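Those protein sequences? They're chains A and B, same order as listed. For the first sequence, this note's numbering begins at 19 and goes up steadily by one. For the second sequence, this note's numbering begins at 19 and goes up steadily by one.
Fair warning: there could be bad hints in the mix.
For chains that are exact copies, the list does not tell them apart, and a pair is met inside one copy or across any two.
[To be verified] No farther apart than 20 Å at their CA atoms in a straight line, the calculated lysine to any residue pairs in the SDA-like style are these:
| # | residue 1 | residue 2 |
| --- | --- | --- |
| 1 | 63 | 102 |
| 2 | 262 | 208 |
| 3 | 116 | 61 |
| 4 | 116 | 249 |
| 5 | 121 | 173 |
| 6 | 121 | 105 |
| 7 | 116 | 43 |
| 8 | 247 | 19 |
| 9 | 121 | 107 |
| 10 | 262 | 180 |
Just so you know, the hints here were simulated from the structure itself, not pulled from any lab data. Values in this document were obtained by computation on a predicted structure and should not be read as measured data.
Listed below are the residues making up each chain.
2 protein chains.
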Amino acid sequence: MTPVEYLEIQKKRVNEYLDAFLLGEDDAPESIHRAIRYSVFSGGKRFRAGLCITAAESFGGDIDRVLPVASGIELIHTYSLIHDDLPCMDDDDLRRGKPTLHKVFGENIAVLAGDALNALAFTLVAKPGDCRLIRILADAIGTEGMIGGQVADVEAVERDDLTEDDVNFIHTHKTAALISASLEMGAVTAGAEDEELVVIRNFGKHIGLAFQIVDDVLDIESTDEVLGKDVGSDMEQDKATYPKVFGLDRSKAIARDLVEDAVGELDSLRHETGMLKGLAQFVISRVY
Amino acid sequence: MTPVEYLEIQKKRVNEYLDAFLLGEDDAPESIHRAIRYSVFSGGKRFRAGLCITAAESFGGDIDRVLPVASGIELIHTYSLIHDDLPCMDDDDLRRGKPTLHKVFGENIAVLAGDALNALAFTLVAKPGDCRLIRILADAIGTEGMIGGQVADVEAVERDDLTEDDVNFIHTHKTAALISASLEMGAVTAGAEDEELVVIRNFGKHIGLAFQIVDDVLDIESTDEVLGKDVGSDMEQDKATYPKVFGLDRSKAIARDLVEDAVGELDSLRHETGMLKGLAQFVISRVY
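The task is simple: from the sequences and hints, build the whole structure.
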């Protein structure tokens, strides 16, 4: 099975799980439930959930145990996109090929939908009854993780003196922290040992950084149609990207090296890691 | 000890705990840590934390076990106030006698500070290692709890056809859900039995609703100086309040009845409930 085929299967599982878990569009207050479903089912590729499930399966874990956790991670990712797109943040009009949530439901509902998804995610991640999962997720999305990266990202806009360290800080926090946590949480649900968690975390940090670098590259080289969002918006907003600091070619080379390092890390594990390696390759080969 | 004296002691404990837990103003990114501390230490009375600790102590619980949970609840409350005050929500300039967060740090940092506090709260609530606490909190602040109430609140503005059911829905969800959860979580950390949790939850729903009704009343009868926020803003924004639907006198009578019912509920418990009853009385006697 190719990584893309594998991701499609996990995506279907996650979407079915979330469809059953989330309240319906007729449940009061209707607007928030419609808004949540609009964003959650707008066609994400569920890459983070896929990584989480793959990590669990690599360590012999049970799909029923990891599925709520993987689905919760996608709710966190969705909330972060909703708040990122707000007028006071990136002010984006298009996301996954559709108008952004605040464009359709208003800014207040967009703020509240993000807030609700943040909480709902923890309901799901609590399901296996292992509080380590809560701590890993909360740390990954707090000020020493995703939000820390978001803040640095917002503050770096229009800065002329950006260093390699600055953009590295932004990308490792904004993106790699949650990707690494997704893998670690999957491994935790499968009962992986502490030293195995260290390996999987490092693997995640490497492919997570590569993922964001490729995102930066695609924002320059892809099209609105393929990407489903406003291409060129990073440059338009003068955002801190790898291509801005390292140039396009060196950015691509760094992403490739990161994936190579990540794949190498897995050699120390005594488990089946073929699909993890495949997903690492997918990070640099993806076009959407 | 009077309830006010008791609350002062818990407030000091919670503030010390949070001061040690939260990152410093010099930690990167500095702006978000300064923003978080600005909001968290702006002088809240820590009523929800006080309820949580009192519930734990009533059931013979340990202060070290409940303190992180009580402190986490205050982070949730702080996040909800930050997002409530945003221009796209209530658009308030004053909170606890100081300019609201977005007025000082900008809207983007205010959104992100709220998001970060939401996650940090779960780190704290996970500390006792009991995932029931996560579920209770997440349910209380999701679309069937606090956020559901917020949405209904936002959508009720300027409506002329508000019913008693509408304002009851808003208040029980927006305010009573988290207050009830605070008490239940305290009781859970102390190992209370399921039937005891039902009692404490009902007690919490009653005093939580009374608390929001008194808030509505104070918005009419108090002053900016005493309350630390813009008095009269509910009426100015034509918000859904108990006085708007029931009138001022009947609202006060309902709040008194709710507290009386709440106190009566506690009689079925075989534990020391003196301070819980005192805090219930405080809800209707408070002036700030």
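Do the hints match the structure? See the list:
| no. | hint | verdict |
| --- | --- | --- |
| 1 | 63 with 102 | within (18 Å within a copy, 32 Å between copies) |
| 2 | 262 with 208 | neither (40 Å within a copy, 54 Å between copies) |
| 3 | 116 with 61 | within (10 Å within a copy, 43 Å between copies) |
| 4 | 116 with 249 | within (14 Å within a copy, 41 Å between copies) |
| 5 | 121 with 173 | between (24 Å within a copy, 17 Å between copies) |
| 6 | 121 with 105 | both (10 Å within a copy, 16 Å between copies) |
| 7 | 116 with 43 | within (19 Å within a copy, 39 Å between copies) |
| 8 | 247 with 19 | neither (29 Å within a copy, 60 Å between copies) |
| 9 | 121 with 107 | both (14 Å within a copy, 16 Å between copies) |
| 10 | 262 with 180 | within (9 Å within a copy, 54 Å between copies) |
Hints 2, 8 from the earlier list are contradicted by this structure; the remaining hints agree with it.
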